[in-house]
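Q: So the sequence lines, in the order shown, correspond to chains V and D.
So the first sequence is numbered by this note's numbering: it starts at 1 and just counts up by one.
So the second sequence is numbered by this note's numbering: it starts at 1001 and just counts up by one.
Be a bit skeptical, because a hint or two may be false.
[Claimed, not checked] Here are some chain D residues pointing at chain V (derived, C-beta under 8 Å):
| hint | residue |
| --- | --- |
| 1 | M1065 |
| 2 | L1066 |
| 3 | A1200 |
[Claimed, not checked] Here are the simulated DMTMM-like cross-link-like pairs (lysine to aspartate or glutamate), alpha carbons at most 20 Å apart as the crow flies:
| hint | chain 1 | residue 1 | chain 2 | residue 2 |
| --- | --- | --- | --- | --- |
| 4 | V | K21 | D | D1162 |
| 5 | V | K21 | D | D1051 |
| 6 | D | K1139 | V | D48 |
Simulated from the structure, these hints should not be mistaken for lab results.
We put the CB at the ideal spot given by N, CA and C, even for glycine.
What follows is the residue order along each chain.
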Amino acid sequence: MARALIHVPATAKRGEIIEIKTLISHVMETGYRIGVTGAPIPRDIITDFVCTYDGEKVFRARLFPAIAANPYITFFTVATASGTLTFSWTDQHGATQVQTAAITVE
Amino acid sequence: MAPRRPKDRAPRRPKDRAALLVIASLVCSTAFAADIPLEQRRSDDAFVSADTRAMQDDDTANPGMLAVLDGETLWQEKAGASGKSCADCHGDAAKSMRGVAVRYPAVLSGQDHPVDLEERINMSRVADQKAAALPFESKNLLALTVYVARQSRGLPIAVADDTRSHTFIAAGRALFNNRQGQLNLSCAQCHDDNWGKRLAGNLVPQAQPTGYPIYRLEWQELGSLQRRLRNCMSAMRAEPYPYEAPELVDLEYFLMWRARGLTMETPAVRP
């Protein structure tokens, strides 16, 4: 789909609460704006965001037209073990974008 | 909508600009006294909310950085009949483009009028890459511009201020001080005389262009200084100059000169 910036701390202590920040480039067109022709510009939004940590779902969100363009989603989770965090964004058409980040837990 | 009056246009030919400089220096001597004292100048960053500032300062939260990544991709992309990418001639942008954005707008040798960074990039595309110029304010041109300008982040603004550029800076100053539009306001009235005070609840900044192209929350996308200037002119209910008008470049030049020494912070986040 688009560019995404993810911030996951490279290392963390076991049991530490870490902050994860994600930013994805997406127009998030609400469907309510009127275009130059007088007709509404069709809705085009991301609808779901899920983060899994070594396969276990740790965060999910459903997005609606009220979310501004280039959604910035941040959340906290507990650093349990070294592994991979997988982030996936799904839009209203069903297209999914997946990105991963690795974390080392001492 | 009132048509643009001929006297609102800044003349393009050097001798006409010289005439304007003489007039400008005569009528604007009091305006010169109203310039913000150098030590009181602040980036517009100082007039936004703490949340907006935090968003700008974090590279993983700054939406402008998404465009910087796009620009990085375009930098490597081959274009035009030459089959070359920017990288093929300029190599690593972090080295070759460092210090470039702080020098623009500039009057290049062999030219008689200043160009801004967007135009300079297009000049290279056309002359060196033998590719079509990118449309002004298009996503790709903005991405390349923000990528180049990002390489100057942290450097002080240092546009040329010599005999060649003086005419254009004076022309820009005249535009800055010129009352315009139905509201009959000049830029100086808000940004020189009333910065720090409020207009409709919003803090009025000094209008220092330290972070362009900016990610404006109102636009929900990246935009150029020319776009922002046009917005302001519409707000004054004046007919905005079209993109790439010499008046806008002159005004950009004056604004960058006025901001000389302030630190570049591209890509900035603004409300």
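Q: Of all the hints given earlier, name the ones this structure violates by number, lowest first.
A: Of the numbered hints given earlier, those the structure breaks are 3, 4, 6, listed in rising order.
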